[in-house]
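**Student:** For reference, the chains in residue letters:
There are 2 protein chains.
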Amino acid sequence: MAKESEIFTVPARRGRAARLDKGQAIKVINTHGQQVVDFWAFRADDLGEFLSMEHLRATLEGIFPHAGCDLVTNQRRPILHFAEDTSPGIHDTLMAACDDYRYGLLGCTSYHDNCTDNLYAAMAELDLTPPECPSPLNLWMNIPVGPDGRTSWGEPVSKAGDYVVLRAVCDCVVAMSACPQDILPINGALRTPTEAHFQILT
Amino acid sequence: MAKESEIFTVPARRGRAARLDKGQAIKVINTHGQQVVDFWAFRADDLGEFLSMEHLRATLEGIFPHAGCDLVTNQRRPILHFAEDTSPGIHDTLMAACDDYRYGLLGCTSYHDNCTDNLYAAMAELDLTPPECPSPLNLWMNIPVGPDGRTSWGEPVSKAGDYVVLRAVCDCVVAMSACPQDILPINGALRTPTEAHFQILT
Chain V
4 MAKESEIFTV
14 PARRGRAARL
24 DKGQAIKVIN
34 THGQQVVDFW
44 AFRADDLGEF
54 LSMEHLRATL
64 EGIFPHAGCD
74 LVTNQRRPIL
84 HFAEDTSPGI
94 HDTLMAACDD
104 YRYGLLGCTS
114 YHDNCTDNLY
124 AAMAELDLTP
134 PECPSPLNLW
144 MNIPVGPDGR
154 TSWGEPVSKA
164 GDYVVLRAVC
174 DCVVAMSACP
184 QDILPINGAL
194 RTPTEAHFQI
204 LT
Chain A
4 MAKESEIFTV
14 PARRGRAARL
24 DKGQAIKVIN
34 THGQQVVDFW
44 AFRADDLGEF
54 LSMEHLRATL
64 EGIFPHAGCD
74 LVTNQRRPIL
84 HFAEDTSPGI
94 HDTLMAACDD
104 YRYGLLGCTS
114 YHDNCTDNLY
124 AAMAELDLTP
134 PECPSPLNLW
144 MNIPVGPDGR
154 TSWGEPVSKA
164 GDYVVLRAVC
174 DCVVAMSACP
184 QDILPINGAL
194 RTPTEAHFQI
204 LT
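Top line first, the protein sequences correspond to chains V and A.
4 is the number of the first residue of the first sequence in this note's numbering; add one for each residue after it.
4 is the number of the first residue of the second sequence in this note's numbering; add one for each residue after it.
Hints listed in this document are in silico derivations from the structure and should not be mistaken for laboratory results.
From a predicted model like this one, the values you see are computed outputs, not experimental measurements.
The C-beta atom is built at its ideal place from N, Cα and C for all residues, glycine as well.
Hints may be right or wrong, so weigh each one.
Derived list of chain A stretches under chain V, where covered just means 3 residues or more per stretch with a C-beta under 8 Å from a C-beta of chain V [unchecked claim]:
1. 53 to 65
2. 77 to 90
3. 146 to 155
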């Protein structure tokens, strides 16, 4: 039986990071059920090696990672094992983290909270600076891809309390952002970003 | 009528780079019809801003760029306009450039030519070092995505002489690699990488 840590909060519209020793796992909880959590992982001994969606898709031979698969880095080796998923398994690997440029294109004329800045802020709380903002694993983000390759901005199909468990294959640093997207419906029809939670399992 | 430069060769299994002034275009030619050409573009005044597949998909709302669309950077602004495509329009935005790790996973026990190293070598010929190997636009690479999100390694649907024309929205540096993949059938059933060609249009 895994030993669970206290429950940590990823506040709505904000990011958090945590260190995982090899063998530890993180349980990321979609507390209110409709919140996308952008997720990143970096090797603790080399932040230049990180979870990479474009390398993952090639290894996975698919666009949807699922419980049972390994999540790989830009050196194509596992960094996390996707151990458990209580949701229907709809996560996104296609879309970049939102950033201030994105909200400008969506019509915002002043600064908008965004996942890219949240990554840097979350890592800074651990006195770390990632070398870039890799394309994230967007947990619970529902981006249907039509037969013609067109994508759309769906609402999550997860429910309150759904969680994923990702187990560290090596010492790593993980970061999460409770996506502040409130213009498109990716965080649910109410377009209201909410908090998420996580626990460390040992 | 566009003025066409001499015809330059991208040798089989190798890379080449070129500078494009704003308004110039590059015509990339699939000379033998079955060759995937990994393609990158960087702003000339800041190599840290480059054509980005994960940002492109969000702007495009799709996984297949097509003639008429703009190709955007990691700052979500156009770098190239996709002006013309004589092929059926099947190009890939999902898969990372191949690298030596990839060929190791495919069973190679010694060094294998790869698009990532080709990018760095091509840029070095212009005395430039890209900050990273961005996920490329894989011209003519045919990666069908099934309704379940599974991908496969298809053969190109292009024919000999097909070409794309990409017009520079700003001064930029473009790079191409005639993908040396000879294990999977992405360069045709013969699994034999061939040369490609390009011209600069002014």
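**Student:** Closer than 8 Å, Cβ to Cβ, for at least three residues: run that test on the segment 77 to 90 of chain A against chain V and report holds or violated.
**Tutor:** This one holds; 4 residues, not fewer than the three required, reach chain V with a Cβ under 8 Å.
**Student:** Within the assertion that chain V covers the segment 53 to 65 of chain A, do at least three residues meet a Cβ-to-Cβ distance smaller than 8 Å?
**Tutor:** With 9 residues close enough to chain V, the hint holds.
**Student:** Can you tell me if the segment 146 to 155 of chain A counts as covered by chain V, using C-beta to C-beta distances under 8 Å and a minimum of three residues?
**Tutor:** holds (count 7)
Checked against the numbered hints given earlier, the structure satisfies every one of them.
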